[in-house]
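Novice: Given next are the chains, with one letter for each unit.
There are 2 protein chains.
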Amino acid sequence: MTEIVKARFSIILSIYDYNFIHFIIIGSILIKKLQDKLHNEIPLTKLMNISIEEYNEKELITKAPLDININDKGTAFGGSLSTMTIISSWSMSWLISQELNIDSKNIVVIKNENSYKKPVTKDIYCYTIKPSIDEIEKVAKKLKEKGSASLKIKSSIIEDNETCVDFEGVYVIKV
Amino acid sequence: MTEIVKARFSIILSIYDYNFIHFIIIGSILIKKLQDKLHNEIPLTKLMNISIEEYNEKELITKAPLDININDKGTAFGGSLSTMTIISSWSMSWLISQELNIDSKNIVVIKNENSYKKPVTKDIYCYTIKPSIDEIEKVAKKLKEKGSASLKIKSSIIEDNETCVDFEGVYVIKV
Chain F
3 MTEIVKARFS
13 IILSIYDYNF
23 IHFIIIGSIL
33 IKKLQDKLHN
43 EIPLTKLMNI
53 SIEEYNEKEL
63 ITKAPLDINI
73 NDKGTAFGGS
83 LSTMTIISSW
93 SMSWLISQEL
103 NIDSKNIVVI
113 KNENSYKKPV
123 TKDIYCYTIK
133 PSIDEIEKVA
143 KKLKEKGSAS
153 LKIKSSIIED
163 NETCVDFEGV
173 YVIKV
Chain S
3 MTEIVKARFS
13 IILSIYDYNF
23 IHFIIIGSIL
33 IKKLQDKLHN
43 EIPLTKLMNI
53 SIEEYNEKEL
63 ITKAPLDINI
73 NDKGTAFGGS
83 LSTMTIISSW
93 SMSWLISQEL
103 NIDSKNIVVI
113 KNENSYKKPV
123 TKDIYCYTIK
133 PSIDEIEKVA
143 KKLKEKGSAS
153 LKIKSSIIED
163 NETCVDFEGV
173 YVIKV
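Those protein sequence lines, which keep their order, are chains F and S.
For what it's worth, my numbering labels the leading residue of the first sequence as 3, then goes sequentially.
For what it's worth, my numbering labels the leading residue of the second sequence as 3, then goes sequentially.
There may be inaccurate statements among the hints.
If several chains are the same, the list does not tell them apart, and a pair holds so long as it fits within one copy or across any two.
Mimicking DMTMM-like on lysine to aspartate or glutamate, the simulated pairs with C-alpha atoms at most 25 angstroms apart in a straight line are [said to hold, decoys possible]: (1) Lys35 <-> Glu147; (2) Lys65 <-> Glu115; (3) Lys124 <-> Glu161; (4) Lys140 <-> Glu161; (5) Lys39 <-> Asp125; (6) Lys120 <-> Glu56; (7) Lys146 <-> Glu115; (8) Lys75 <-> Glu164; (9) Lys156 <-> Glu61; (10) Lys39 <-> Asp69; (11) Lys120 <-> Glu43; (12) Lys154 <-> Glu170; (13) Lys60 <-> Asp125; (14) Lys119 <-> Glu170; (15) Lys39 <-> Glu61; (16) Lys156 <-> Asp168; (17) Lys148 <-> Glu55; (18) Lys132 <-> Glu56; (19) Lys39 <-> Asp74; (20) Lys113 <-> Asp168; (21) Lys107 <-> Glu137; (22) Lys176 <-> Glu61; (23) Lys176 <-> Asp136; (24) Lys113 <-> Glu170; (25) Lys156 <-> Glu115; (26) Lys119 <-> Asp168; (27) Lys65 <-> Glu43; (28) Lys119 <-> Glu43.
If you're looking for bench data, these hints aren't it; they were derived computationally from the structure.
Predicted model only: the values in this text are computed from it and were never measured.
Modelling step: build the complete structure from the supplied sequences, incorporating the hints.
Specialist: Right under this line is the structure:
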C-alpha cells in the first residue's frame, strides 16, 4: 500500500469513526432524554414499564415486560401492544425532531392501524423503522417552510423472528 | 277502555316491565362480572383505572381518569385512548358472548383503526355501540355452526358532544 493510499484510507476511517462515535454519544444522550421524558410526562409508559433498548440509524427498539401487560389468556394485552406501537412510533418522530434541532413540544398521532397476527407470549419487543434520509429531508423542508409536517411511521412487535403485530401511524410534528 | 283492551294493555305492560327489569338485573350482574374480570385478569385496565359506567341495549359506556392517562401536552395520551377503545369494544364482544350463554375464554382483537380528531382534555368517556339484533343473530348462528365468529365493533371517545377519537375493531369469538 502506498503512503497516499494509506493516508486516504486513514482519513476515510477517521470520518467513519467520528460519525460512529458521534452517533453513539448523541444517540445515548437522546435515549436517556427520551426515556426520562416518557416516564416523567406520560405516566402510563412508566406504569407499563416501557424501556428504550436501542436506537441506531435503522431502528428504535423498545421493550415492556409481559407480567404487567398480560391479558385474560396469559398473552400480551391488545391495549398494551397498541400503546407500545403508538408510543414507539411517536418516539421515532420525537427523535427525528431532536436530530433536526427542533425541540418540538407538539408531536401527535392523528391515525393508526394495527394488525394482530400472533399472540405475544414473552416480554414485548417493538421495532420501529427509521424513515429514509429522503423522507426526513422532506419533513425538514416542510417544517422550515410551513412550520408543520406529517410523517408515516411503521412499528412491528416481533417474537422469535415472527411478526406478531404490525402498526402504521401518521404523526404530525409542529414547530 | 273495554275490559279486553285493558287486559291486553296490562299484558303488554307486564312483558315490557319484565324485559326491562330483567335487563336491569342481568345487566348489572354482567357489569360487575366484566369490571371484576378486567381488573383481575388484565392488570393494565386497573392501572389505568378503567371503569364500566353503563350498559344498555344500545351502548356500553366506559371511563378512565385523565390524570393517570395524561401525556406531555396535558391532554389524554394516544396509547390510553387506543387502549380504552380496544378494551371497550372487546368488552362489548364479551357481553354479547355472555348474553348468548357462551362463556368464551377466547375473544381477541385481530385488527383495529383509530382516528384522532381532537385532543381529550378531561376524564375519558368511551361509547361503544352494541351491534344490531341482526348482526348478533348472525354471530350466534356462526358460533353454533363453526365454533367461531368475527364481528366489527365501533367505539368513540366523546367530549362536550364532540367526537375526539373514532375506532373500529374486528374481534373473533371462539367457543
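Novice: Hint by hint, note whether the structure agrees.
Specialist: Each hint tested on the structure:
no. : hint              : verdict
1   : Lys35 <-> Glu147  : neither (27 angstroms within a copy, 55 angstroms between copies)
2   : Lys65 <-> Glu115  : both (20 angstroms within a copy, 23 angstroms between copies)
3   : Lys124 <-> Glu161 : within (8 angstroms within a copy, 37 angstroms between copies)
4   : Lys140 <-> Glu161 : neither (33 angstroms within a copy, 35 angstroms between copies)
5   : Lys39 <-> Asp125  : both (22 angstroms within a copy, 22 angstroms between copies)
6   : Lys120 <-> Glu56  : within (24 angstroms within a copy, 32 angstroms between copies)
7   : Lys146 <-> Glu115 : neither (29 angstroms within a copy, 31 angstroms between copies)
8   : Lys75 <-> Glu164  : within (20 angstroms within a copy, 35 angstroms between copies)
9   : Lys156 <-> Glu61  : within (10 angstroms within a copy, 33 angstroms between copies)
10  : Lys39 <-> Asp69   : both (23 angstroms within a copy, 16 angstroms between copies)
11  : Lys120 <-> Glu43  : between (31 angstroms within a copy, 20 angstroms between copies)
12  : Lys154 <-> Glu170 : both (7 angstroms within a copy, 20 angstroms between copies)
13  : Lys60 <-> Asp125  : within (22 angstroms within a copy, 38 angstroms between copies)
14  : Lys119 <-> Glu170 : both (14 angstroms within a copy, 17 angstroms between copies)
15  : Lys39 <-> Glu61   : within (19 angstroms within a copy, 37 angstroms between copies)
16  : Lys156 <-> Asp168 : both (8 angstroms within a copy, 20 angstroms between copies)
17  : Lys148 <-> Glu55  : neither (34 angstroms within a copy, 43 angstroms between copies)
18  : Lys132 <-> Glu56  : within (12 angstroms within a copy, 43 angstroms between copies)
19  : Lys39 <-> Asp74   : between (31 angstroms within a copy, 8 angstroms between copies)
20  : Lys113 <-> Asp168 : both (14 angstroms within a copy, 9 angstroms between copies)
21  : Lys107 <-> Glu137 : within (21 angstroms within a copy, 44 angstroms between copies)
22  : Lys176 <-> Glu61  : within (23 angstroms within a copy, 36 angstroms between copies)
23  : Lys176 <-> Asp136 : within (19 angstroms within a copy, 46 angstroms between copies)
24  : Lys113 <-> Glu170 : both (9 angstroms within a copy, 12 angstroms between copies)
25  : Lys156 <-> Glu115 : both (10 angstroms within a copy, 14 angstroms between copies)
26  : Lys119 <-> Asp168 : both (8 angstroms within a copy, 22 angstroms between copies)
27  : Lys65 <-> Glu43   : both (18 angstroms within a copy, 21 angstroms between copies)
28  : Lys119 <-> Glu43  : between (31 angstroms within a copy, 22 angstroms between copies)
Violated hints, in rising order: 1, 4, 7, 17; the structure is consistent with all others.
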